[in-house]
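S.K.: These protein sequences, in sequence, are chains A and B. Residue numbers for the first sequence follow numbering that gives the first Met the number 0, beginning at 0 and rising by one. Residue numbers for the second sequence follow numbering that gives the first Met the number 0, beginning at 0 and rising by one.
Just so you know, the hints here were simulated from the structure itself, not pulled from any lab data. Hints are not guaranteed to be accurate.
[Stated by the list, open to error] Not everything, but these chain B residues come out facing chain A in the computed CB check (under 7 Å):
1. Gly130
2. Val135
3. Gly146
4. Arg149
5. Phe181
6. Asp194
7. Leu354
8. Ile355
9. Trp382
10. Leu385
11. Gln393
12. Ile397
13. Tyr400
14. Val407
15. Ser408
From a predicted model like this one, the values you see are computed outputs, not experimental measurements. The C-beta atom is built at its ideal place from N, Cα and C for all residues, glycine as well.
Below, each chain spelled out in residue letters.
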Amino acid sequence: MFEKIWRASLAPLIAAASAIIISSIALIISGNDPVEAFREMWKTIDSTQSVVIILNVSVPYYIAGVAAAVGFKMNLFNIGTNGQYLLAALIAGWAGAEVSLPPLLHVPFVILVAIVVGGTWALIAGILNVTRNVNVVVSTIMLNYIAIGVSAFLLAEFFRDEETGGLVANTKLMPESARLPALNPIFEFFGFDFPPNVELFGFLPIAILVGVVYYVLLNRSLFGYELKLSGLNPAAALAAGVNPKKMVLITLFLSGAVAGMIGLPFLLSDPSFLKYGDAFPTMIGFTGLGLALLGRNHPVGIAAAAIVWATIERATQRLGPIGIPPEIGKILQGSFLLSAVIAYEVVRRRNDAAAVAAAAAATQHERPPPSEPSPIGVPS
Amino acid sequence: MTATIDAQPVGSSGRPSVLASTRFRVLVIVLLGFAVMSAARIIADNPDLTSSGTFGVGLRTAAPIALAGLAGLVAERSGTVNIGIEGMMVMGTIFAGWWGWEYGPWMALLGGIVGGILGGLLMSLATTTFGVNHIVAGVAINLIAPGVARFIASELFLDAQGGSVTTSPGNKGSIGAFTVPFLSGGDLFGWQSPDILGWLEDTGWFVIADAAGLAKGLTTAVTWDVVITIGLFFGVAYLLWHMRLGLRLRFAGERPSAADSLGVSVHTMRYIGMAMSGAFAGMGGAVLVLFSNRYQENQVAGRGFLGLATMIFGNWMPAGTAMGAGLFGYAQGITLRTNPGDLVRTLLLAAAIALILLVVWMLVQQSYAPAGTVAVFAAVTLWAYLAAESPNNQLVFITPYVVTLIAVSIGAQRLRPPAEEGIPWFKGMQ
Chain A
0 MFEKIWRASL APLIAAASAI IISSIALIIS GNDPVEAFRE MWKTIDSTQS
50 VVIILNVSVP YYIAGVAAAV GFKMNLFNIG TNGQYLLAAL IAGWAGAEVS
100 LPPLLHVPFV ILVAIVVGGT WALIAGILNV TRNVNVVVST IMLNYIAIGV
150 SAFLLAEFFR DEETGGLVAN TKLMPESARL PALNPIFEFF GFDFPPNVEL
200 FGFLPIAILV GVVYYVLLNR SLFGYELKLS GLNPAAALAA GVNPKKMVLI
250 TLFLSGAVAG MIGLPFLLSD PSFLKYGDAF PTMIGFTGLG LALLGRNHPV
300 GIAAAAIVWA TIERATQRLG PIGIPPEIGK ILQGSFLLSA VIAYEVVRRR
350 NDAAAVAAAA AATQHERPPP SEPSPIGVPS
Chain B
0 MTATIDAQPV GSSGRPSVLA STRFRVLVIV LLGFAVMSAA RIIADNPDLT
50 SSGTFGVGLR TAAPIALAGL AGLVAERSGT VNIGIEGMMV MGTIFAGWWG
100 WEYGPWMALL GGIVGGILGG LLMSLATTTF GVNHIVAGVA INLIAPGVAR
150 FIASELFLDA QGGSVTTSPG NKGSIGAFTV PFLSGGDLFG WQSPDILGWL
200 EDTGWFVIAD AAGLAKGLTT AVTWDVVITI GLFFGVAYLL WHMRLGLRLR
250 FAGERPSAAD SLGVSVHTMR YIGMAMSGAF AGMGGAVLVL FSNRYQENQV
300 AGRGFLGLAT MIFGNWMPAG TAMGAGLFGY AQGITLRTNP GDLVRTLLLA
350 AAIALILLVV WMLVQQSYAP AGTVAVFAAV TLWAYLAAES PNNQLVFITP
400 YVVTLIAVSI GAQRLRPPAE EGIPWFKGMQ
């Protein structure tokens, strides 16, 4: 057990160390004191308020990470989660504000609309792939920008709330019945004190549920088995009777469906939004791609990555007043991601080579195992 | 991923014929498209659709897209799928904004190239040396570059006069422009030469005036960075198909193991390809900085991805990439004209005419089912032309992406990417 955790966390630890080193170098070059910067960052996150804010921010990141991971698991690179969630949030926000339903039905209705819109949009890429052999990376990138344009067009022409005038366009505010209450009372029941004006948004349990469903589907279902098989070895999957076209369609629909939920925490539970509009965050899908890479497509890993991401964002917020550029947070995130990606690859190749060598040694007693070519491009 | 060998030139079934060649067909399509534009211009009485001004702006907006496409071309030809062009362009804009502010426009161009090369080499370190999946590395570059840019901007521009975290203070001077004498009335040693194309354009004759508008647009007040961009296309085409280095670059993308067995260092080639790719992408960023005369955050706005689309649209060939960039640049350029709504409307008419012609052609070819689909599109477009008072700019924004998606869907079987692009390669691999 410990061995397993140690193995899984070795590469992220190396990446974190190199991210801190790279950021420190950047700080020193720009004439700042890294020790002071990191001390201030720690001071900022060391409060209940910060923890709640970090959790709130990490929820949409987490969903975005899971959405990307569903595709990554099958080597299907759904780069278009950004467009999928923007379109889904717009239509779900509009539909949610238009209908009146009892509270117990209203929230599921909004979620359903978002899932269907996001999934359908991603499915276009799937259909183009299986019928016209169009590369998924290419089509999802194109569909990304088409979705951004279409949602801006729909918002301006049809879904805009006429009562909010001026230059800002947004949909109508979500009715009371479509809002998820804050989770504060539950925690207060257990004797946990919240500072005033701090809310733990009500979407968190749904995000956890998404992670659980993802895990169960992936590890405890036939679909999950076929998905992983298709990703690891398409030829073996085909030989085992997995229909690759069906897998592409289902996987992209699921990836898009989860992506459709990225905007829901804002629509359903963030009091400063509760509507889709010009101010809606637009880049979470892209961030989610990075988080899926960081978390190695594992629900817990993605959750950890999302929390790290949100923590860095929160930690750097108060650096400005003491004269350190808060943008160092972006350097931290970026260098962490790139080092992690490289570290994972190096560790994976080492492990693969070791596993192959061990298997060869176990099966071929009479002959010495063939020497493996060095995987890192260095002549052995 | 198994490498398929379908290297037969398109349209070379049986005896090669001039009429059946791709080049001829493309030429016919371009000429027909141009005639359709001219007809739409006359019917809608909107001379600005094919005026030299519109084409001039189109050329200016096409240049960064074209450079991004060129960046994709050299990267993929040498075997790396470069999703990170967008990030490299961002690196180009920040360096160009910095050097342009400190040293002037020519250094801005150089700075953009340097910034882009840094991005390209960083990505190549991950993909070539460490064998990271190319899409993964590209995604990482795209996430990192805006952060680096913001950090540099906050360090450099925040305290400067007229600068902020999101904008540079502005370039020192502009790069200058060039007008061709005799054709478009350029100066020749202080003497104003006649403006023949301008006169032809003013006549308003069918096709001729439009062609003159195009030619004048491409030869009037062209800034030097755009002139260099056009030159680079010829340079890259010559490099890839007429020079030893180009052959080796393509070798690394098509058959790395064969290249290795013949003594070509695949890793060196892929590094060179990515450095060149970064240089072009970064220069694309610099062209954007020179256009708006300063660095602005989010200035790249998806042009890297658009460039990638352009390259796929152009079937991994320089000429096709240039044509795609021209098309998409024109679509972006018209949003910068004084009456973009009218232009879009006229363009819708042109699209409707083109689609109707396509339906007729398909009916002649007796392919009735696709003709029906296209007829629906034609009807929708015609309806949009008749119904829309002033169409939303967003519809223009998505046009290039829709066109690429359609082109890729129709031509995916004919498109031929380098055989082993996107596959990490190490010595000893098959």
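S.K.: Next, verify each hint and record whether it holds.
M.R.: So, going through the hints one by one against the coordinates:
1. Gly130: holds (6 Å)
2. Val135: Hint holds; Val135(B) Cβ to chain A Cβ min 6 Å, cut 7 Å.
3. Gly146: holds (3 Å)
4. Arg149: Holds, about 4 Å.
5. Phe181: violated (41 Å)
6. Asp194: violated (38 Å)
7. Leu354: Violated, because the Cβ-Cβ distance from Leu354(B) to chain A comes to roughly 19 Å (cut-off 7 Å).
8. Ile355: violated (24 Å)
9. Trp382: At 15 Å from the nearest chain A Cβ, Trp382(B) fails the 7 Å test, so the hint is violated.
10. Leu385: violated (17 Å)
11. Gln393: It holds, given that the least Cβ distance between Gln393(B) and chain A is near 4 Å, below 7 Å.
12. Ile397: holds (3 Å)
13. Tyr400: holds (4 Å)
14. Val407: holds (5 Å)
15. Ser408: Result: holds, 5 Å to nearest chain A Cβ.
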